[in-house]
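> Sequence:
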Amino acid sequence: MTPAWLDQSIQRRLEDWRSAGLWRIARPATEADGRVRVHDGARYVNFSGNDYLGLAHHPKVKEAVAKAVRRFGWGSTGSHLVTGHYAPHDELEAAVARLTGCASALLFSTGYMANLAIASVVLVNKVEVLADRLVHASIIDGLRLSQAKFRRYRHLDMAHLAQLLEKNNAPKIIWTDGVFSMDGDCAPLPALVALARAHDAALVVDDAHGIGVLGDNGGGLVEAQGIRPDELSALTVTFGKALGGFGAAVAGPVEIIEALRQFARPYIYTTALPVPAAAAVLASIQCLEHEPELRQQLRKNIEQFTAGLTQMGRAAISETAIQPIVVGCEARALKLAEALAEDGLWVPAIRPPTVPKGAARLRITLSAQHRQEDIERLLTSLWQHRSLWRDAEVIESRQTT
1 MTPAWLDQSI QRRLEDWRSA GLWRIARPAT EADGRVRVHD GARYVNFSGN DYLGLAHHPK
61 VKEAVAKAVR RFGWGSTGSH LVTGHYAPHD ELEAAVARLT GCASALLFST GYMANLAIAS
121 VVLVNKVEVL ADRLVHASII DGLRLSQAKF RRYRHLDMAH LAQLLEKNNA PKIIWTDGVF
181 SMDGDCAPLP ALVALARAHD AALVVDDAHG IGVLGDNGGG LVEAQGIRPD ELSALTVTFG
241 KALGGFGAAV AGPVEIIEAL RQFARPYIYT TALPVPAAAA VLASIQCLEH EPELRQQLRK
301 NIEQFTAGLT QMGRAAISET AIQPIVVGCE ARALKLAEAL AEDGLWVPAI RPPTVPKGAA
361 RLRITLSAQH RQEDIERLLT SLWQHRSLWR DAEVIESRQT T
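Residue numbers (the working numbering): 1 to 401.
In short, the hints are calculated from the structure, not lab data. There could be a bad hint or two in this list.
[Stated by the list, open to error] Simulated restraints, written as ranges between beta carbons of each label pair:
(1) G313 <-> P356: 19 to 29 angstroms
(2) T2 <-> D141: 17 to 27 angstroms
(3) A194 <-> Q262: 45 to 55 angstroms
C-beta: ideal position from N, C-alpha, C; glycine also.
Whole structure, please, built from the sequences with the hints as guidance.
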């Protein structure tokens with residue numbers, strides 16, 4: 001039985017949340033093929049997922065899952081260091097290392113756990129972390145749980161970061177996202193590498209939204225910006241975005257990866273990634289190698305959308321698959337999302353606390369699966385409902401964590 005004081009406290013919090021217009025629900029899809037989702041019998045073109053290359057529904061990925069289930073079953077039945085590590089896990093770690101160009105890699109059940117693991121192992125006594133203001137919530141949570149001293153430099157502001165690096169002689173780690181999840185802009189890795197070298201700092205990058213999409217071979221932002229992988233101390237790679245799967249890995253130098261294997265509690269004390277999930281991501285990486293046309297189609301779709309947006313009088317702030325339409329007011333964002341839904345387009349509103357109050361938006365994401373007519377349909381709907389977004393007054397876009 002829940003004590004009355006706890007029940008009352010939770011109830012007040014829920015009531016305040018609902019009255020602020022921040023109540024959220026999960027609407028289950030009854031059918032989906034990546035491009036289209038079905039809710040309550042209605043079909044919507046999906047412009048809100050992270051399956052940037054359509055690999056979640058690729059026939060080769062589905063077949064890899066089926067074969068792995070027949071051979072290994074579904075659950076891994078234990079932690080990696082006890083009974084849960086199988087040959088496909090080894091193969092996937094090697095494939096991630098090859099894809100990223102790093103010396104080694106280690107699997108984690110989620111990207112969130114991967115970032116917690118880095119924070120728990122790499123942040124030794126007296127280390128100071130300097131993190132971009134907009135890094136993912138999992139990084140901030142990892143830093144808070146580690147009780148490390150950390151500061152946050154202004155988003156993409158290298159001058160501000162340089163000032164913080166010069167404040168004291170403590171050993172430092174710079175931590176950034178590669179592609180930022182709410183705005184779709186990219187970290188300037190060459191400048192970050194230069195600052196890290198100049199101050200003998202470590203550099204950690206979470207490239208969840210860049211891996212598979214950016215670079216000639218899908219190696220992510222590191223490849224796209226011409227950075228040597230050995231310039232990084234750790235690279236977070238997640239499988240639930242462009243790779244169309246589930247799970248994550250940390251790639252990096254052998255010593256760092258071995259330290260994570262030996263000491264990272266999010267690795268040691270949890271059930272390993274299911275073998276069929278590992279097999280699916282292996283198949284996705286093989287598709288990256290053999291089907292570059294997927295990335296080419298995504299690039300065409302991005303160019304089509306951003307050109308259309310520019311014609312409507314708003315320059316795109318991103319060159320990636322993430323294309324935010326920041327409208328400011330939470331109620332207006334909800335109204336715009338509802339209007340697009342009536343036109344058969346699935347683009348839920350993003351509201352606080354994911355973004356700050358006054359920076360509500362539609363986070364449009366593009367996929368290689370989208371057809372030219374899908375994007376034209378989206379642009380037409382946005383134009384028809386332009387009064388809800390084109391002249392909206394918004395605060396400076398800043399993700400909250």
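> A separate judgement is required for each hint: does it hold in the structure or not?
The hints, checked one at a time:
Checking the proposed 19 to 29 angstroms range against G313 and P356 shows it holds: the Cβ atoms sit about 25 angstroms from each other. With their beta carbons about 26 angstroms apart, T2 and D141 fall inside the hinted range of 17 to 27 angstroms. Remark: the range hint 45 to 55 angstroms for A194 to Q262 is contradicted by a beta-carbon distance near 32 angstroms.
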